[in-house]
Amino acid sequence: MSDVKLEERLIHAVAGLLSGSGHIACGVLSPIPGAAAMLTARREGARVSIIGSELPAYRCDGGVELFDQAAQGRVDAFFLSGGQIDGQANINLHGIGAYPQMDVRWSGAFGSAYLYFLVPKVILFRLEHSRRVFPERVDFISAPGVSKPGVHRPGGPHALVTNLCVMIFDRGKGRFRLASVHPGVTAEEVRDQTGFAFDLPDHVPETVTPGAEDLALIRGEIARDLANPYPRFARDVFGIAA
Amino acid sequence: MSDVKLEERLIHAVAGLLSGSGHIACGVLSPIPGAAAMLTARREGARVSIIGSELPAYRCDGGVELFDQAAQGRVDAFFLSGGQIDGQANINLHGIGAYPQMDVRWSGAFGSAYLYFLVPKVILFRLEHSRRVFPERVDFISAPGVSKPGVHRPGGPHALVTNLCVMIFDRGKGRFRLASVHPGVTAEEVRDQTGFAFDLPDHVPETVTPGAEDLALIRGEIARDLANPYPRFARDVFGIAA
Amino acid sequence: MTRFLSTPDDLAALVPDGASVGLAKEPLSPIALARALIRRGARDLHLVTIPTASMVADMMIGAGCVRVVETSGVTLGEFGVAPRFVEAVKTGAVEVRDATCPAVYAALQAGEKGQPFVPIRGIIGSDLLANRPDWKVIDNPFAPGDPVVILPPIRPDFALIHALKADRFGNVWVGPRHELKTLAHAAKQSLVTVEEIVEHDLREDEAASPNLIASLYVAALAEAPRGAWPTAAPGLYPLDEAEIASYARAAKTPEGFAAWLGGLESTPRAAE
Amino acid sequence: MTRFLSTPDDLAALVPDGASVGLAKEPLSPIALARALIRRGARDLHLVTIPTASMVADMMIGAGCVRVVETSGVTLGEFGVAPRFVEAVKTGAVEVRDATCPAVYAALQAGEKGQPFVPIRGIIGSDLLANRPDWKVIDNPFAPGDPVVILPPIRPDFALIHALKADRFGNVWVGPRHELKTLAHAAKQSLVTVEEIVEHDLREDEAASPNLIASLYVAALAEAPRGAWPTAAPGLYPLDEAEIASYARAAKTPEGFAAWLGGLESTPRAAE
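Chains as they are written, first to last, in the numbering used here: chain X, 1 to 242; chain P, 1 to 242; chain S, 1 to 272; chain R, 1 to 272.
A portion of the hints provided could be inaccurate.
[What the hints assert, rightly or not] One side of the interface only, derived from the structure: several residues of chain S facing chain P at Cβ under 7 Å:
1. T71
2. T75
3. V89
4. K90
5. G92
6. T100
7. C101
8. P102
9. Y105
10. G122
11. I123
12. I124
13. S126
14. L128
[Stated by the list, open to error] DSSO-like, lysine-lysine: derived pairs with alpha carbons at most 27 Å apart:
15. K136(S) with K136(R)
16. K148(X) with K173(X)
17. K148(X) with K121(X)
18. K121(P) with K148(P)
19. K136(R) with K148(X)
20. K188(R) with K136(R)
21. K121(P) with K188(R)
22. K148(P) with K136(S)
23. K173(X) with K121(X)
24. K90(S) with K252(S)
25. K136(S) with K188(S)
26. K188(R) with K165(R)
27. K188(S) with K121(X)
28. K173(P) with K148(P)
29. K148(X) with K5(X)
Hints are computed from structural coordinates only; laboratory data are not their basis. These numbers come from a predicted model, not from an experiment. C-beta atoms are modelled at their ideal positions from N, C-alpha and C, and glycine is treated no differently.
Put together the whole structure using the sequences plus the hints.
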């Protein structure tokens, strides 16, 4: 299985997290979550909306209707990322330093401060696992990981997937737990690279390697569908011409 | 001028009341106001929306957009009617007797309880001038003629046009004033047929007879445009084939 | 995923007694669906009209399917009053929750958007407000001393919709009738009859995509040619004036309506 | 009535310094209009992005036209951060009012509908809310103990819109881009550039009528072929990746941006 690429393993791992979701929506800058959603669609019949896709089956303009669907409970899973993500699953899409004249300014919240509250299963995805990205406390809460009792919040963080590991978020405790590490990664390495405290079980399994059937789907139909709207990714990872 | 029909005189009178309105909207059951709006459009360049018209220039589905336009101050004049209308310009579109199990039940409020508040110049139009239609007090206020101070109300009643006369509403006093009577009608007759008190000037002029130019417009282009959506009216009054 | 069923009766079987059902004003009244609900003997429905209704509501009320009607107006238009509606209001057989069109649109849109309430101008001082304990007046939080009516969202259990066409993926073409989209979005699920199910993917024409109800919202779908008759299906058939006039005459009396209803029930599939 | 003007510069002349202007996200950014505003030396604009923005906002901010930017995100997407935006936020040259996309849509729709405020779920507990004194949290009047964020409506003085076509009556085709309709409805007036003005009445096709901005909303209109370039005009031209990459490189430094701007100003009509 040494020929399984990290991207393929992550696609498979995220698809595992998505299992049971009837409708999965994905942002445009996330080819791996998008591929994972497509894999879930093929395995379980999930409906997938990909912001920016021109394929009719996935088309979603990322506009008003997606937010309305989320508010009605019609979106079961979504992905968010962050320039920083902390141990309470707070995400920061605004920047580093003191707001408003931050030392480093990023783009802004986009839909996060809404969707994070309303989509039952939000998966956080970030390929740079470092103390810089995962501090003890974010500099700015673009969207909070947990809310006080009484706040209408059917949704929230479910898991964090990185280039090193998969963590599961416990909403009751407001805390991550290391669920698996990718091949060649140790729990210690994850701890060293993470700025926030998290639960560390005695035994941490390796992130499951996709089987032949899933690999065939990923490298075949899904890679082809991914070329729209992710032509570069489809080319670089799967050698698919745009 | 004995060949001027009542309908033509009313169209002309209503057009006079509409003067200065940039955008006039009309409901589907009102051919005379519709024709008056078309006359104002031809005389002053007013924009006219007629609910139910299939002519692109007038098309208006009577749906959400009309209400939104009214709320934004983009509709200057509109028409309402009532099964009953009283001296405070309250209109009743619900029925006679004690609500809810009324002795006579009509259709309901439609958009009146909204548009009456928001359209600056609402013209009340009813071709049956009688004590039955114009009681001292309506049995049910579908939409009130006046509002308490503090209530957001840029709009309201401007005039009442009937088969006998034209009355102007004074919003400050909350009271109608007889402005003109149609040829052959006396102020006494209006008072006898009206169940509510209203201001009666010493001299009440006759409702102005349309001039040759306006009559030509009404009987020509306007009659033709009226056939959609008012085929019966265009046929019965102007002899226009549908 | 959208279920494809054979007849309007199959759709009507999905609507339990006591459900709230929303339907939009003419044209394209869901008459075939309403006939199917009458045939199945539906009871105690909470009918929400978007924002008004005509014959379709009158026949359902006359047939005893409806307990509550939430509406801004029920009328047969140029064919006169809605006789069974008027009678049922008078006798108390239906409870009427009178509204005004923009309030229905605003509350439906709040349902679509998952808003917990929605403010609306106007209405204050009307007897509508006095008779809607579910509506409130609050002070505008941005301008104290400015009273504003707020409405709860409308989210019917079912949207009942007739449309010209749908594709085999469950996407429904509504053309310019965007209130049908709002209704489908706000309702918990939509039951749709169409004149025709087409083979190609209606989403392929991206410019037309805003004129579709996405299959996400469509629980079940059945073909019902002439399913809006005698109301109009623009582009396919006009309003059948003679038929509606005949209904208006028959429905004036309980006996006349019973006879009309008997004709309907004895020929269950005649209209389809 | 809609005024037909010759160039984007004629439209830009209608926008006074200090005005609030709304523009929608890509594709179809109103680049020609933004260039014209830069050429006329507009200052102190309050820029509202629906709900996010890319190069069009960055260039206006870099050129010093903007005092306040109300946005859910400014980025050049795959071409990286929006360099002039980032710099102007850091130096305080622009005041940023950070929002989240659905809040912008909800507030814009409240503007369209003349609602005095609009409730929205989510947001509570974020630093967005902490930094928006114009947003409030109230108790849900229908469910005490349920805190809800409420927003004031957005009604920009001007909507700046580029579209594929308009007719000679002033009706503007937006196809599936319904947020452009909402923007035009919410704004006090709309200034529109189009690729082409067509001779026939766009309202004639009733099925397409919901995909139009009615002339009622369009204060002034000018033809501007390639007026969205280098952003895409779907169906006519794609995103010009090389040009945007070149902008992204130039705008990294004040000097590079000044050079880019100089090229723009010295050839006032080159882009049209």
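Now the hints, each set against the structure:
Because the beta carbon of T71(S) sits about 6 Å from the nearest beta carbon in chain P, less than 7 Å, this interface hint is met. Because the closest C-beta pair between T75(S) and chain P is about 4 Å apart, less than 7 Å, the hint holds. Checking V89(S) against chain P by beta carbon gives a least distance of about 5 Å; that is within 7 Å, so the hint holds. Among the interface hints, the one on K90(S) holds; its C-beta lies about 6 Å from the nearest C-beta in chain P, closer than the 7 Å criterion.
Checking G92(S) against chain P: minimum C-beta separation of about 5 Å stays under 7 Å; hint holds. Of the supplied interface hints, the one on T100(S) holds, with its beta-carbon coming within about 4 Å of a beta-carbon of chain P, less than 7 Å. The criterion of a C-beta within 7 Å of any C-beta in chain P is met by C101(S), whose closest approach is roughly 4 Å, and the hint holds. Annotation: P102(S) was flagged as interfacial toward chain P, and the flag holds, the nearest CB pair being 4 Å apart, inside 7 Å.
At a threshold of 7 Å, the smallest CB-CB gap from Y105(S) to chain P is about 5 Å, leaving the interface hint in force. The restraint placing G122(S) at the interface with chain P holds, with a minimum CB-CB distance near 4 Å, inside the 7 Å limit. The beta carbon of I123(S) comes within 5 Å of a beta carbon in chain P, closer than 7 Å, and the hint placing it at the interface holds. Given the 7 Å rule on beta carbons, the hint for I124(S) holds: about 5 Å separates it from the nearest Cβ of chain P.
Checking S126(S) against chain P by beta carbon gives a least distance of about 5 Å; that is within 7 Å, so the hint holds. Contact between L128(S) and chain P, as hinted, is supported at the beta carbon level, the nearest pair being about 5 Å apart and thus within 7 Å. Our distance criterion of 27 Å between C-alpha atoms is met by K136(S) and K136(R), whose separation comes to about 19 Å. For the hint pairing K148(X) with K173(X), the CA-to-CA distance comes to about 12 Å; that is within 27 Å, so the pair holds.
For the hint pairing K148(X) with K121(X), the CA-to-CA distance comes to about 18 Å; that is within 27 Å, so the pair holds. Distance check on the hinted pair: K121(P) and K148(P) sit about 18 Å apart at the alpha-carbon level, within 27 Å; holds. For the suggested pair K136(R) and K148(X), the alpha carbons sit about 17 Å apart, so the restraint of at most 27 Å is met. Our distance criterion of 27 Å between C-alpha atoms is met by K188(R) and K136(R), whose separation comes to about 24 Å.
About 21 Å separates the Cα atoms of K121(P) and K188(R), which keeps this hinted pair within 27 Å; it holds. Between K148(P) and K136(S), the direct Cα distance comes to roughly 17 Å. Compliance with the 27 Å bound is thereby established for this hinted pair. For a cut-off of 27 Å, the pair hint linking K173(X) to K121(X) stands: about 17 Å separates their Cα positions. Between K90(S) and K252(S) the alpha-carbon distance is near 14 Å, which keeps this suggested pair within the 27 Å criterion.
Restraint check for K136(S) and K188(S): the C-alpha separation of about 24 Å stays at or below 27 Å, so the hint holds. Between K188(R) and K165(R), the direct Cα distance comes to roughly 21 Å. Compliance with the 27 Å bound is thereby established for this hinted pair. A distance of roughly 20 Å separates the Cα atoms of K188(S) and K121(X); the hinted pair therefore holds under the 27 Å criterion. As the CA atoms of K173(P) and K148(P) are separated by approximately 12 Å, the hinted pair is consistent with the 27 Å bound.
Simply put, K148(X) and K5(X) have alpha-carbon atoms about 41 Å apart, too far for the 27 Å limit, and the pair is violated.
Taken one by one, the earlier hints fail for this structure only at number 29.
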